[in-house]
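*Asks:* The primary structure of each chain is shown beneath.
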Amino acid sequence: MKHLAKSGDLAVDLADAFDASPNPYVLLTPDLRIAGANQAYLDVTRSVREAIIGRPLFAAFDSGPGEEAPENVRQVKASLEKARDTRQRDHLAMVRFSVPAESDGPDPVFEERFWSATHTPILNARGEVVWLLQHTTDITELEQLRQTTRARSKSARTLDAIVGGGVLARARQVQEDNRRLAEERKRLQDMFMQSPGFVAVLAGPDHIVEFSNDAYRRLIGHREIDGLPIAEALPEVVGQGYLDMLDGVFETGEPVQGQASLVQLRRAPGEEPEDAYVDFNYQPIRDADGAIIGVFVQGHDVTEGVRAAERQKLMIDELNHRVKNTLATVQSIAVQTARSHADPRTFAEGFQARLLALSHTHDLLTRSHWEGADLAAILQHETEAHGSHRVTLNGLPVALGPAAALSLGMIFHELATNAAKYGALSSPEGRVLVDWSVSNQARPVLHLSWRELDGPPVAPPKRRGFGSRLIERNVRHDLAGEVKLDYASDGFSADFSIPLDRGTHS
Amino acid sequence: MSAPLTGRRVLVVEDESLVAMLLETILEDMGCTPVGPAANIDDGLRMATDGERLDAALLDVNVAGRQVFPIAEALKARGVPFVFSTGYGEGGLPDEWRGQATIQKPFTEAAVRDALMKAMGVADV
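If you read the protein sequences in the order shown, they are chains A and B. Quick note: the first sequence uses my numbering, first residue 1, plus one each step. Quick note: the second sequence uses my numbering, first residue 507, plus one each step.
No lab work stands behind these hints: they were computed from the structure. Just so you know, nobody snuck in bad clues.
Calculated cross-link-like contacts (lysine to aspartate or glutamate; reagent style EDC-like; alpha-carbon spacing at most 20 Å): (1) A:Lys82 / A:Glu183; (2) A:Lys421 / A:Asp343; (3) A:Lys462 / A:Glu472; (4) A:Lys313 / B:Asp601; (5) A:Lys324 / B:Glu615; (6) B:Lys624 / B:Asp561.
Stretches of chain B that chain A covers, calculated by requiring three or more beta carbons in the stretch to come under 8 Å of a beta carbon on chain A: (7) 519-526; (8) 604-613.
Some chain B residues well away from chain A (every beta-carbon gap over 10 Å; in silico): (9) Ile547; (10) Val586; (11) Met626.
Computed from a predicted structure; not experimentally measured. Even for Gly, the Cβ is constructed at its ideal location relative to N, Cα and C.
Given these sequences and hints, build the entire structure.
*Replies:* Laid out in structure tokens, this is it:
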């Protein structure tokens, strides 16, 4: 650490000057190891350079075994760390620190001394702390002089004041108070910073952001706002009523609060403002005289809760709508079935069979969370009661939306029931072939044919029953499709074309 | 008892065919002539404005995911009385349509008749 300074033609070795100074100096690394010390320091601490270089300062000097030693070490260490972390010079007006005294025996003897210390950070070109310089003054004699003078004469107050016993004591007190306040302030700030709710401190009539915590920055989209008036920090909020409320709190001192209050925040530059809902509180901050100097803002982002409540209300409305519609459908099935059954027993049978067909399609849909159901699965269920070997299903998998699934479930039920009563499935040899395909992939249309073979001769019905009316109406009305029912004498057939790209309402 | 409704032409807008069939059955039993039924808003709007005579209408509030109010506006402009049918309950109607004759799903024949007569301003005899 030899630095040469040029002064005219004279080259001065600063290390020599440092070493020759009567003031004790010690140079420390940022992790508080001893990097260098001048002769005065070695003298006053009664140490040799080789023994202390490279050692942690407080391993080399621990203020001895006294009761107060840990506190003394703590004070010096805190001042050094403050100088390092703030990159500002820090002063210790007075600190007790014991150093080894001359001793005859093998055990070291410690001598209590009073010091005044200045800790100076030394920065490199990038502004980083590379060294810490401790400049100490031994003020033990001064302190002792003060104490002796005071003991000898009560009238020695002037000297006492000059020598600074009181001044030193006060300085020490202030020093201690400052440290405690700084610690308290940091603890409070940490608490606010980590609070799950948002917190901001706004100063003055323009509501300048003096402090904002992590939750507040999350709420507003991580913008740099400290030091800005709120109208500048959050320009999109101007006109949403919050500034008027802040003005009101600042002027009248009346706190304001809001619940699930809508605020639109532009969380990224150039993006549209997003809706957020907040519970919040504005409280006046007063100085010692009671004058309002700012507004304390705190609250919670309750957007998720508000959204969940909205979704729940929508779901309940939709559920109610669906249940009522389903009940109306069941009512219709009951009324129409009753009209074609004079006998209550056959009515009950027919009604229940239709109800179960509807219910089964619901089961299939529930399994897929009402996203859809497979065509073959619906066909299979509605026909298996009549012997699966007699009904041949032939086609690729087709996913049906809920509305189409419910309609086709009922339609296949009517077809199968009809085939079992009057058609191919009413005779032992009869069979049913079901073939389907999907055409036009851009706007897909399902083509499905239901063909009955080897059954009894077919005659067109004298009057159209509920089953065939339901099929025709359902295909045209609910599915916007086409159906052709053909009562050919060698077997009934039905041909469907059903668009599959319609909405999935039910 | 249903004499005041005999021969009335009543438009039905309802997306569920089974429910539409029930309404038609009920209307026919009362001596009315059902018009439609329309399964969506576009068809319903066309039937409400094509100039054919209409004496009344039964309008499902939610038709294939859309609200029926454009048809209600068109009918109101023509002076055709109408009844809303809804599964949403009393709160399902926006403020401007509150007080309009309404039937709740599922409905009885008597409820349909009473609501139609209320909307048409005819007395039971």
